[in-house]
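Colleague: Keeping the supplied structure of chain A fixed, place chain B upon it in accordance with the hints.
For the record, the sequence lines run as chains A and B.
If you're matching positions, the first sequence starts at 1 in our numbering and goes up one per residue.
If you're matching positions, the second sequence starts at 1 in our numbering and goes up one per residue.
Treat the hints with care, since some could be wrong.
Said to hold, decoys possible - Heads up, simulated EDC-like pairs for lysine to aspartate or glutamate below, C-alpha to C-alpha not over 20 Å straight-line:
hint, chain 1, residue 1, chain 2, residue 2
1, A, Lys-99, B, Glu-162
2, A, Lys-18, A, Asp-70
3, A, Lys-99, B, Asp-25
4, A, Lys-99, B, Glu-94
5, A, Lys-99, B, Glu-48
6, B, Lys-223, A, Asp-92
7, B, Lys-99, A, Asp-70
8, B, Lys-99, A, Asp-92
As the list claims (entries may be wrong) - Residues of chain B clear of chain A, computed beta-carbon distances all greater than 10 Å:
hint, residue
9, Asp-6
10, Thr-9
11, Asp-22
12, Ser-59
13, Phe-96
14, Tyr-194
Rather than coming from a laboratory, the hints here were simulated on the basis of the structure.
Glycine included, C-beta positions come from ideal geometry on N, C-alpha and C.
Protein chains: 2
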Amino acid sequence: MTLDWDGVTHITKVDPAKPLPDALDVLEGTDLVIVGGSDDVTEANTLEAIRAIDDAHPSTPVFQEPYSSDHVSRETIDAADFVAVPAVYNGDREHFVGKHVDLFTEVGRTPEELLGAGLPVVGDFVASKGVDAIAELTTSLIGEGYVVQHLDSAAATTSGVEATYTPEEVAGAALATEAFYGFPIFYVEYSGRYGGPEDVEAAARYLEDTTLLYGGGIDSQEKTTEILEAGADAVVVGDCFHDDPETFRDTIPRT
Amino acid sequence: MTLDWDGVTHITKVDPAKPLPDALDVLEGTDLVIVGGSDDVTEANTLEAIRAIDDAHPSTPVFQEPYSSDHVSRETIDAADFVAVPAVYNGDREHFVGKHVDLFTEVGRTPEELLGAGLPVVGDFVASKGVDAIAELTTSLIGEGYVVQHLDSAAATTSGVEATYTPEEVAGAALATEAFYGFPIFYVEYSGRYGGPEDVEAAARYLEDTTLLYGGGIDSQEKTTEILEAGADAVVVGDCFHDDPETFRDTIPRT
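Extracted from the complex, chain A is given alone in its bound form (with noise of 0.2 Å):
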């Protein structure tokens, strides 16, 4: 699947820890489905999740985040269009640059030593289809590089930020994505809190290749509009969606 970014504008993010609304209809203005957390997420609430979620909506795309490397398996990779992998700048060393070594060291090894080895999911993946896995698990990996802006968020523990970064870092941090690193996606986090413009406006002034979204208490159509205007690619709208579906309505962009 190729992903074409021009109309996607608002975004889902759904906590597979949590249950689904009744009526999924409620996503059929959301452009894209982001399926992770990390409280009580498993690879099998994860797998439910994004089944659920296409079947309601066969052709909105689908992204797993994963939180961890046994979030995934090779239903997770097969069900979702996408996995995303987060890179998170202001993180410590093993949550930018540690984890994801060790993970496509793992993808590297053969099957051969995989076979019988008892290694997590990912070498099970790579073990059952043999070396081609491994072409099409590096294919739909995206990396996502990330400023995680709100010190009191799982987020923020999980990866473990000790600090924010300034409007002037955040623009740093996108300048080194879009002319460095080359992740596909820059994503500014203020995860549950919403954080304004600034950042935002910071970081699009360097991003031309990079696509920009912003995530972190988005409750309202002012909000999503102010965020949009100050030059994000697309709101990524999350804990309203579990629990007020007439608040997540309102932060769909009207067109």
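Modeller: What follows is chain B alone, placed relative to chain A:
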């Protein structure tokens, strides 16, 4: 300048703190020159080395590979064809991500904010040329995914490398480069000591779009051949260039 890697199999690494050989015609058989080093390297001796090499061999591409941002100036950026910036996989956080975000944060500051701020040379470069300079500078930057495999080397000390990688981890870092970080170069650096073909073989298996370089202890035709046959695109030859032209000539692949 666009660089065509196709004909590049032999690269010379020039330490600007060491005297150049009297006769630069020894560089005739090399395809590319990298100027950089740590001890006693300055912006001034870097610039002098780049200009001397460019005068003697105007059609040979020259990279500057700075160890520190104070080796970089408007003059070195203009004189070199590319500025190659290492990101060290097995180094500390600073040398994979920290200093790059700092660099791009500095680059991204607006010229107005820079003027009169007494900032280092990269800032001065941007201030003197305006915002277009940012595009120019980022175009001339090339990311290098590095693995430093010799603990007792200046490269390891400078980059905070505390452990070398196994061949499996080298393969993992290579795959991460190809599929996730997207640096155009993956560089296995044995820095002064010959490491043999094993890491190169491991890395080459997963590199298609990425150029694979090997450096360290190349002092004969046999070693050049062994590394190229293991799958490297080019060998990088350093020490003997400065003090042993006969050995240096022997490292150039015979076609």
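Colleague: Work down the list of hints and note, for each, if the structure agrees.
Modeller: Consistency of the hints with the structure:
1. A:Lys-99 x B:Glu-162: The given pair, whose Cα atoms are some 17 Å apart, holds under the 20 Å limit.
2. A:Lys-18 x A:Asp-70: The hint holds at about 18 Å.
3. A:Lys-99 x B:Asp-25: violated, 46 Å
4. A:Lys-99 x B:Glu-94: holds, 16 Å
5. A:Lys-99 x B:Glu-48: violated, 41 Å
6. B:Lys-223 x A:Asp-92: violated, 39 Å
7. B:Lys-99 x A:Asp-70: violated, 31 Å
8. B:Lys-99 x A:Asp-92: holds, 14 Å
9. Asp-6: At about 22 Å from chain A, Asp-6 of chain B clears the 10 Å cut-off, so the statement holds.
10. Thr-9: Non-interface label stands for Thr-9 of chain B: nearest chain A Cβ at 25 Å, farther than 10 Å.
11. Asp-22: holds, 38 Å
12. Ser-59: holds, 27 Å
13. Phe-96: The assertion about Phe-96 of chain B is violated, with a minimum of 5 Å to chain A.
14. Tyr-194: holds, 24 Å
The structure is inconsistent with the numbered hints 3, 5, 6, 7 and 13, although it conforms to all the rest.
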